[in-house]
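Engineer: Residue numbers (the working numbering), protein chains in the order written: chain A, 48 to 318; chain B, 11 to 187.
By construction, these hints were calculated from the structure, which means they are not laboratory data. Keep in mind it's a predicted model, so treat the numbers as computed, not measured. Take the hints with a grain of salt, since some may be wrong.
[Said to hold, decoys possible] Straight-line distance between alpha carbons at most 20 Å, and here's what the computed DMTMM-like set of lysine to aspartate or glutamate pairs gives:
#1 B:K131 to A:E273
#2 A:K290 to B:E35
#3 A:K300 to B:E125
#4 A:K256 to A:E268
#5 A:K300 to A:E268
#6 A:K290 to A:E273
#7 A:K64 to A:D311
#8 B:K131 to A:D279
#9 B:K131 to A:E272
#10 B:K19 to B:D69
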Amino acid sequence: SSTENVDPQKIAFLLRKQWTLYSVTPMYKFSYGNLKEYSRLLSAFVAAEKQKGLAVEVGNDLGIKVTLSTLLGLKGTDQDQVAVLVQIASRSQLPFENAENKVVWSGWFCCISGDDLLESVPEDFTCLSLFLANGAESYTAIVGSWFQKTFDCYFSRLTISPLNLAWMAAMWTGCKVDSHMAATELVFSVPCIPQSLDISYAIHSEDAKALWDTVQKTPGEVTQEEVNLFMDCLYSHFHRHFKIHLSATRLVKVSTSIASAHCDGNIKVLD
Amino acid sequence: MSLVRPFDKLPTLNSAAILLVGTDESQQQQLAEAILKEKKNFKINIHVATSLPLPAERDHIRPRIDLIAFMINMQSKHSLRNVEASLSHMDANFFLGKVCFLITGVGRMNHCSVEMNAVRKLGNLYCSPVLFCELDSEGIRVATAQRLLRMLQICAGHMPGVSALFFSSLMKSSIDE
Chain A
48 SSTENVDPQK
58 IAFLLRKQWT
68 LYSVTPMYKF
78 SYGNLKEYSR
88 LLSAFVAAEK
98 QKGLAVEVGN
108 DLGIKVTLST
118 LLGLKGTDQD
128 QVAVLVQIAS
138 RSQLPFENAE
148 NKVVWSGWFC
158 CISGDDLLES
168 VPEDFTCLSL
178 FLANGAESYT
188 AIVGSWFQKT
198 FDCYFSRLTI
208 SPLNLAWMAA
218 MWTGCKVDSH
228 MAATELVFSV
238 PCIPQSLDIS
248 YAIHSEDAKA
258 LWDTVQKTPG
268 EVTQEEVNLF
278 MDCLYSHFHR
288 HFKIHLSATR
298 LVKVSTSIAS
308 AHCDGNIKVL
318 D
Chain B
11 MSLVRPFDKL
21 PTLNSAAILL
31 VGTDESQQQQ
41 LAEAILKEKK
51 NFKINIHVAT
61 SLPLPAERDH
71 IRPRIDLIAF
81 MINMQSKHSL
91 RNVEASLSHM
101 DANFFLGKVC
111 FLITGVGRMN
121 HCSVEMNAVR
131 KLGNLYCSPV
141 LFCELDSEGI
151 RVATAQRLLR
161 MLQICAGHMP
171 GVSALFFSSL
181 MKSSIDE
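Looking at chain A on its own, in the form it has when it is part of the complex:
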C-alpha cells in the first residue's frame, strides 16, 4: 500500500503470531532519530525490572537486549507515521551454545489511515495509535510502562465489538486466497446461567466467498448494508437447520484463512 522499500522477511515475521491489541494515546516528543538511544534505555529498564526481587549483583547483564526499529510497508496512507517495532531478545544462558539472540517478545506500533486524527494532532506528538504485542504479559507490562513514563502516553486494551467482527468476517471472506482455504468459523456467545454457552459455526470458505460475492455490489467497496445482509444470510441458514436465532447471541470470534480475531482484542494474520 505504499511506495517504500519493504523488507518481506520482516513483514513475514508478523504473520502466524497471535497479537494482543492495545490502543495508545499520542506520544509526546518521540523521535525516530533516537531509536538507538531508546533501545539502550529500554534495555536497562527491562533488565532492572526483571531483576527486582532477585538477589542478583547490580550490573550483571541478564542477557536481555531490546531493539527498536522501523517497520516499512505498514502505512495505510502516506501521511501515516512509520511503524515502530520493539523486540526483546535474550542471549542464551548456556555457555556452550553460541550467543545467539532469541526473540522472546515483540511489540509494534502503527498508525493505519489516521488522516482525520493526524490533522488535529499538535506538534511534538507522534500518533502511533495501535500497539500489537506478542509474548509474555510481564514484558508487555514493562515495555508499556516505560513508554507511558517516557512519552506521557497511555495504553489500554482494545476490545473488538460484534459489529466490527462482522465487518472483518465479511471483508476477509471476500479476499482472494490462492492456497488451500481453511474453513471460515464464527463463534457466538450465548448468555446463559450459570455458564455462558459458545456456539461455533463453521462454513466452507468457498461457500462463504460465493455468498459474499453475490452480496457485494462494488469490488473493493464494503457497505454496512452488505455486511448486514451477509450475516443475515448466515443466520437464517443456521436457523433453518437448528432453529436457533444466532442474531440474538453475541459474535465473539471470527476465523478465516486470512486472519482471525477475538473480541478480547487478539488477532492473528495468516496470510
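We have chain A already, so just place chain B on it with the hints.
Structural biologist: Just chain B, lined up with the frame of chain A:
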C-alpha cells in the same frame, strides 16, 4: 390476523392500556412491574407480546391500546429484526404519537450487535420517539416507567389540551430548523 388499530374501540372511563412488544420477556415483566408500582390515579392495563400481529381470537376482550412501546436490545440483532417485522402489522394511525421505541443495552458498547444508525433511522422513519434506557438498572427502569406513564396519560386523552400529536414536535432537533 388483526391489525392493531388505535381508534376501533371505545375508551374505558379513567383507564389506559399500554402494549409492550419485545423479545426479552423477563425485561418486559420487570418494566411492567415498575409501571404498576408507580402512583397513578387511573386504571392501567399492561399487555405484553413478543411480536405483532396479536392473536385474533383475543381481540374482543382486549381494550383499546393507547400506547405501544417497542423494546429493542442493542446487544441482540434479533430483537431489532423482530420489531421491524412487527411494525408492518400496525395501523398507520398509531404513528401519530402512540408509538415509542425503548432501546436498552447501549451501555456496553463492546457487546452491541446493532448499529446506532439503524435505531435512529427507525425513529425517523416511523416518526416516533426513541428512548435510550438501560432497563437492567433499577433506577433507570423506574424513571422509564414514569416517562411511559406520562406519555400514556397523554395518549389516552387524560390531559386536557395535550394530544399525542405533540410528541413529534418534541423530537425535532433545533438543528433541523
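Engineer: Confirm or reject each hint.
Structural biologist: So, going through the hints one by one against the coordinates:
1. Under the criterion of a C-alpha separation no larger than 20 Å, the hint pairing B:K131 with A:E273 is consistent with the structure, at around 17 Å.
2. Annotation: proposed proximity of A:K290 to B:E35 holds, straight-line Cα distance about 19 Å (limit 20 Å).
3. For a cut-off of 20 Å, the pair hint linking A:K300 to B:E125 stands: about 18 Å separates their Cα positions.
4. With a C-alpha separation of about 15 Å, the suggested pairing of A:K256 with A:E268 holds against the 20 Å cut-off.
5. In summary, the hint linking A:K300 to A:E268 is not supported, as the alpha carbons are separated by about 23 Å, beyond the 20 Å threshold.
6. Restraint check for A:K290 and A:E273: the C-alpha separation of about 24 Å exceeds 20 Å, so the hint is violated.
7. For a cut-off of 20 Å, the pair hint linking A:K64 to A:D311 stands: about 16 Å separates their Cα positions.
8. For the hint linking B:K131 to A:D279, the alpha-carbon distance of about 19 Å falls within 20 Å, and the restraint holds.
9. Annotation: proposed proximity of B:K131 to A:E272 holds, straight-line Cα distance about 13 Å (limit 20 Å).
10. Restraint check for B:K19 and B:D69: the C-alpha separation of about 10 Å stays at or below 20 Å, so the hint holds.
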